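Could you put the whole structure together from the sequences, leaning on the hints where they help?
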Amino acid sequence: MLEIKNLSFGFGGRKVLEDVNFTIDEGESVLIAGKNGAGKTTLLRCLNGIFNNYEGQILLNNKKIEAKDRYSFGYLPSSLSFYDKMKIGESIDFHKSIYPYFSLITFPDYKLETNRRIEELSKGEKVLFYLILVLSHNPSYFFIDDILHLLDPYLRETFLNILIERMEEKKLSVIISSQTFSDIEGLPVKLIILDKGKIILKESVETLKRAFFKVTAKKIPEDLPVIYKKDWGDFEEGYLYPYERKKSEDLKMESVKLSEIIKSIIGGNYVKKRD
Amino acid sequence: MKIYNDFKIDFSSAVPIYDQIKKHIKYLVLSGDLKENEELPSVRKLASFLKINPNTVAKAYRELVFEGVVDSRPGKGFWIKKRKGGDGEKEKILKEEFEKFVEKAVELGFSSKELREFLIKFIGGKDA
Chain S
1 MLEIKNLSFG FGGRKVLEDV NFTIDEGESV LIAGKNGAGK TTLLRCLNGI FNNYEGQILL
61 NNKKIEAKDR YSFGYLPSSL SFYDKMKIGE SIDFHKSIYP YFSLITFPDY KLETNRRIEE
121 LSKGEKVLFY LILVLSHNPS YFFIDDILHL LDPYLRETFL NILIERMEEK KLSVIISSQT
181 FSDIEGLPVK LIILDKGKII LKESVETLKR AFFKVTAKKI PEDLPVIYKK DWGDFEEGYL
241 YPYERKKSED LKMESVKLSE IIKSIIGGNY VKKRD
Chain A
1001 MKIYNDFKID FSSAVPIYDQ IKKHIKYLVL SGDLKENEEL PSVRKLASFL KINPNTVAKA
1061 YRELVFEGVV DSRPGKGFWI KKRKGGDGEK EKILKEEFEK FVEKAVELGF SSKELREFLI
1121 KFIGGKDA
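Chains as they are written, first to last, in the working numbering: chain S, 1 to 275; chain A, 1001 to 1128.
Since the hints were made in silico from the structure, they are not lab data.
Keep in mind the model is a prediction, meaning the values are calculated, not measured.
Ideal Cβ positions, reconstructed from N, Cα and C, are used throughout, including at glycine.
Among the hints, erroneous ones may be present.
Dumping the calculated DSSO-like pairs for lysine-lysine here, alpha-carbon to alpha-carbon at most 27 Å [to be verified]:
no., chain 1, residue 1, chain 2, residue 2
1, S, K202, A, K1059
2, S, K257, A, K1022
3, A, K1022, A, K1104
4, S, K257, A, K1059
5, S, K252, A, K1104
Output of the computed footprint for chain S on chain A, the stretches with three or more beta carbons under 8 Å from beta carbons of chain S [said to hold, decoys possible]:
no., stretch
6, 1011 to 1024
7, 1042 to 1054
See below:
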């Protein structure tokens, strides 16, 4: 289990992360969402030891994290520029020399061409190659920063299948920060939303979906917990949270997808109420 | 394999994904599309097919085993269990569906008499 306790981090005088607390269980998958600049990338960088001068604690299986523990972490950052001059085979050898548990994984859907230079790969192929490279370290926790949008639909599917296979086989925990999640809707079981460096929502997807509704009405009643509203002239559309659905309702209500839930939380009153 | 036909997860539904999987499999058992001793896809395969968390598939399978619909042995996978009776389950699922149907009918303004006539006409029509 990975435990993040009272994590704070700042550049100069500016606080980028403030008192962040959450846990990730073995085999769990977590989606980290939030507006641009909410602190998602900084959080992943702190967790992966790229920023070390944070306040608070990161505990792995109840012990303070040490440098060697990073071998059980895999990190796919949002920009992949390193090793560009290397060939695929060379960068594999390089990783073999660094990571003690390195063992190159292979997939029936995707064949590595070891003689190609990394700079010759398309953006999407690069992402897929790094995915394979990082998973070959045999991590227990895998962090993916907003990068999935670089993959075309075919590579995205391959990527997802590789992830699913590893989650099933090795109880891999996956932590994804992404703005485009329509095709990974079914992956996360937990949602964490950051706003201005603070966690404003931390909830299981199942619980969230049960308490989240979209209501359409001529005029949405004032007493409903509307967190995001759109006025279309003839009618209003609102998102309710938290809301317990009653048997006798004359209002038109429907459940919504995770992507809509996230949009209405980061774009609406839910954030303002907390300011 | 029949199980993949029309098997789609409704991600906007408040019904948890593992529940949707369970329902789908139960319906196929009831309809006879999944037969006794027929093997289910592996957790990984179904998770990849549906693009969902493998833990979710595992949870659905575990509960189906617990409920006596599915059998499993470690390393051997999952298959449909031999059914004894099963009418209670049939009735329960039918009742749930029927409640939804009645609710809709009330919303649409059907009276109890009209609803009865509708049903008789409907069933009669199917039989003929």
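Okay, the hints, checked on the actual structure:
| no. | hint | verdict |
| --- | --- | --- |
| 1 | S/K202 / A/K1059 | holds, 22 Å |
| 2 | S/K257 / A/K1022 | holds, 20 Å |
| 3 | A/K1022 / A/K1104 | holds, 24 Å |
| 4 | S/K257 / A/K1059 | holds, 21 Å |
| 5 | S/K252 / A/K1104 | holds, 13 Å |
| 6 | 1011 to 1024 | holds (count 6) |
| 7 | 1042 to 1054 | holds (count 9) |
Of the numbered hints given earlier, the model fails none.
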